[in-house]
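Novice: Assemble the complex: chain A is given as a structure, and chain B must be docked to it using the hints.
Which chain is which? The protein sequence lines are A and B, in order.
The first sequence begins at 1 in my numbering and counts up by one.
The second sequence begins at 1 in my numbering and counts up by one.
Don't read these hints as lab results, they were simulated from the structure.
Misleading hints may appear alongside valid ones.
[Claimed, not checked] Stretch-level coverage of chain B by chain A, calculated; a stretch enters the list once three of its residues show a Cβ under 8 Å from a Cβ in chain A:
hint: 1; segment: 75-81
hint: 2; segment: 85-97
hint: 3; segment: 100-112
hint: 4; segment: 229-236
For every residue, glycine included, the Cβ atom is placed at its ideal position computed from N, Cα and C.
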Amino acid sequence: MNNLLYKEFKLTISPFYFVLPAILGTLMLIPQWLFFLVPLYFCFITVPYLFAAYKAQNDLSFSVMMPVSKSNIVKAKLLSIMTLELVHVIFAAIFAVLNKVLYNTENLFFNPNVAFIGLVFVMFGIFNLVLFPMFYKTGYKYGAAVIVSTISAFLFVAAMELSVVFNKEAAVFFETDVNRQLAILALGLIMFLAMSYIAYKISLKRFKKVDV
Amino acid sequence: MSILSVKGLHKRYEKFHLKDVSFKLDKGYIMGFIGVNGAGKTTTLKSILNIVNADSGEVKILGKDFTEHEMELKREIGYMFGGVDFYPKKSIKAITDVVKRFYPNWDDETYFKYCKRFKIDQDKKVHELSDGMKVKYSLALALSHKARLLILDEPTSGLDPAARDNLLELFQELVEDGEKSILFSTHITSDLEKCADFTTYINEGEIIASTTKDEFIGAYKIVKGRKEQIDSEMQNKLIALKTNEFGFSGLIKTSDLTSTDNLTIDSPKLEDIMIYYAKKEYDNE
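Here chain A stands alone, though its shape is the one from the complex (with noise of 0.2 Å):
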């Protein structure tokens, strides 16, 4: 298992996608913008370069070749998809940080706040919930994974945002009490587990019945 880590790190993944997040961290500090855009650019630009590099460059075909298990590869694959995950959300965490200091001003969509990030906790566990047992069902194909789960993560932060813009009630929900606002982070955090969790069981099920 962290053999296979350590491959997914030292052969598939380049170090880029680990700089990526600082950089698309700093759209943070847009004034007036849609926060939930920058955690989702993972869904848009890292997952489906990712998801190709591991096609092209056979990935499945070398872990297949290894001593490993089936459970140990699909465990791998989403381990290393949620720490690039967590890296995108610390640093969104620290630029909206960042952005409460420089402007200290009400946004007219979602408030980069504590609620902010354990919502894109959801985010992300909605996104692995959908694209790992997709993706799973082949070991390589992952167009209509990609595109389907970017799809139901995108729905999830729309409705989020237009909840703040247009109902008063969720503004004030998301928006005011910091400790529940903390309560939406663990909670968020859970929902990001226990999805992802929910994730390996059902790709783990479909790819088992993959011949590579």
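Specialist: Coordinates of chain B only, in the frame set by chain A:
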């Protein structure tokens, strides 16, 4: 002791069926696995290794059930499907650094010994290697974790005659100590003539024979005669036949050969047996 035993392997695809594949390979021998393209060689090898999920069947390696001890056994054997074709832009050094971590038995000294012998430059990238070098690099990887059984899918295809000869000599050298065995698939029959102790022949997903090379060839004869000599009895006995202006030639099982009246009888080459079986399938379609 059988180092590999395969019993009743079945795998059904929409247009292809691997039927009841069974054979055995003993310690210290080389087995050639032959068949035309699409006969089921790769599917069989992948099913043995559980890379393809067989519908039924039993595989034992080193006396242990493969599905029960899959990870343990995969560390004890080396396998390769058509050379290294992953991470084309990565250096040999980077790939080896990852691969070696998966094998507790890995030995750097053996690895560098084979790399030196095969002239594998550690700084080269995979895409810069020729087909022959890719095969050699895979072999170096397999040998460095002290694999006792090598399962190689078409290691010789794409190699020039000199490189092929070189590789086959290496195979013989590897089994010399009597501890290692090699199962390799090929459609190049001269490979077997050079180095295989045993031959397993697969046709349309079915094992036709799995025996020593001489026994396999001895089990068939080529008969030649005039056109009018083909009666229905003869036609039933012939596996396949070719006719031309002057007469016919056909492949027949030695055991089916009863009368020799005016028929010329020749010993076939491995290649002839493959060609006639392929013709039989073609005629049936």
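Novice: How does the segment 229-236 of chain B fare against chain A when you require at least three residues with a CB closer than 8 Å, holds or violated?
Specialist: Violated - the segment 229-236 of chain B has 0 residues with a Cβ nearer than 8 Å to chain A, which falls short of three.
Novice: Can you confirm whether chain A covers the segment 85-97 of chain B, using C-beta to C-beta distances below 8 Å and requiring at least three such residues?
Specialist: With 9 residues closer than 8 Å to chain A, the segment 85-97 of chain B meets the three-residue bar; holds.
Novice: State whether the coverage of the segment 75-81 of chain B by chain A holds or is violated, taking the criterion as 3 or more residues with Cβ-Cβ distances under 8 Å.
Specialist: holds (count 4)
Novice: Given as covered by chain A, does the segment 100-112 of chain B meet the bar of three residues or more with CB within less than 8 Å?
Specialist: n = 3 at 8 Å, threshold three: holds.
Of the numbered hints stated above, the single one contradicted by the structure is hint 4.
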